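Q: Residue numbering for the sequence shown follows the numbering used here, beginning at 1 and increasing consecutively.
Honestly, the hints are just simulated from the structure, not real lab data.
Just to be clear, a hint being listed does not mean it is correct.
[Stated by the list, open to error] The calculated label-pair distances, taken between Cβ atoms and stated as ranges, are:
no., residue 1, residue 2, range
1, Thr16, Val202, 19 to 27 angstroms
2, Ala37, Thr99, 32 to 40 angstroms
3, Lys61, Gly185, 27 to 35 angstroms
4, Asp36, Asp132, 38 to 46 angstroms
5, Arg41, Glu137, 22 to 30 angstroms
6, Ala186, Gly34, 23 to 31 angstroms
[Stated by the list, open to error] Result set (DSBU-like, lysine-lysine): computed pairs, CA atoms no more than 35 angstroms apart in a straight line:
no., residue 1, residue 2
7, Lys45, Lys61
8, Lys71, Lys61
9, Lys71, Lys45
10, Lys71, Lys92
11, Lys92, Lys61
A quick note: this is a predicted structure, and the numbers were derived from the prediction, not measured.
Here a beta-carbon is modelled for each residue, glycine too, at the ideal position from N, C-alpha and C.
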Amino acid sequence: MPAEPVGKKSRGRPATLTEDQIVDAALRVIRSDGLDALSMRRLSKELGRSQMAAYSYVADKQELLDLVARKTLADVAIPTADSGPWEMRLRKLIDGIDTHLRRHPGIAGLLLQRMLQTDRRLVNAFMEIMVDAGLSERQVLLAYSMIHTYLFGRYQVTLVSRPADDGELPETLARMVTHLDELHGADYYNFGIETLIDGLRVRVAENNSR
1 MPAEPVGKKS RGRPATLTED QIVDAALRVI RSDGLDALSM RRLSKELGRS
51 QMAAYSYVAD KQELLDLVAR KTLADVAIPT ADSGPWEMRL RKLIDGIDTH
101 LRRHPGIAGL LLQRMLQTDR RLVNAFMEIM VDAGLSERQV LLAYSMIHTY
151 LFGRYQVTLV SRPADDGELP ETLARMVTHL DELHGADYYN FGIETLIDGL
201 RVRVAENNSR
């Protein structure tokens, strides 16, 4: 179905914008200049509309950010309860979200801050999977917080390049940095997610043994 238009069309006014057009324009700004560069003024410029016209579609920057956060992950599929064991369903959900994060560089910081308010569908899906796994309600909250922080927060961490003079580094660190060229983004991602799931698996086993 086509995206619903935002705002009302009136005589002498350009064609009504859709939510998708607004979100696409906002994502272009974020991708080119970062999240901090996004403002109502910059959105208007990207859309080719007057600044006052932009306010006819979103009331303010906060509403704009909520719209972008909500629409960015709207297409993430939620694995059904019969699609596999909880570990497989959890990994599919995490991978689905990460795919969208990689498509939209710069959006992770926004989602780290606003996902709980804008996409409760996905938060609920995470929690349902972990309840099915056998975690207690308290553990579910803690586990979601851990996954949320890693999934979105890891994009806030930038690995610096190896120092030019490795001889100045402490012995253990000097050995470790020799492996930096062997590692790629997927290595960090897979190791992190697999370690998180392994840890949850241990908690589930402990619960089942009681």
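Q: Hint by hint, say whether it matches the structure.
A: Hint check:
no. : hint                               : in the structure
1   : Thr16 / Val202: 19 to 27 angstroms : violated, 53 angstroms
2   : Ala37 / Thr99: 32 to 40 angstroms  : violated, 24 angstroms
3   : Lys61 / Gly185: 27 to 35 angstroms : holds, 30 angstroms
4   : Asp36 / Asp132: 38 to 46 angstroms : holds, 39 angstroms
5   : Arg41 / Glu137: 22 to 30 angstroms : violated, 45 angstroms
6   : Ala186 / Gly34: 23 to 31 angstroms : holds, 24 angstroms
7   : Lys45 / Lys61                      : holds, 14 angstroms
8   : Lys71 / Lys61                      : holds, 15 angstroms
9   : Lys71 / Lys45                      : holds, 21 angstroms
10  : Lys71 / Lys92                      : holds, 19 angstroms
11  : Lys92 / Lys61                      : holds, 32 angstroms
Going through the hint list in order, the structure does not satisfy hints 1, 2 and 5.
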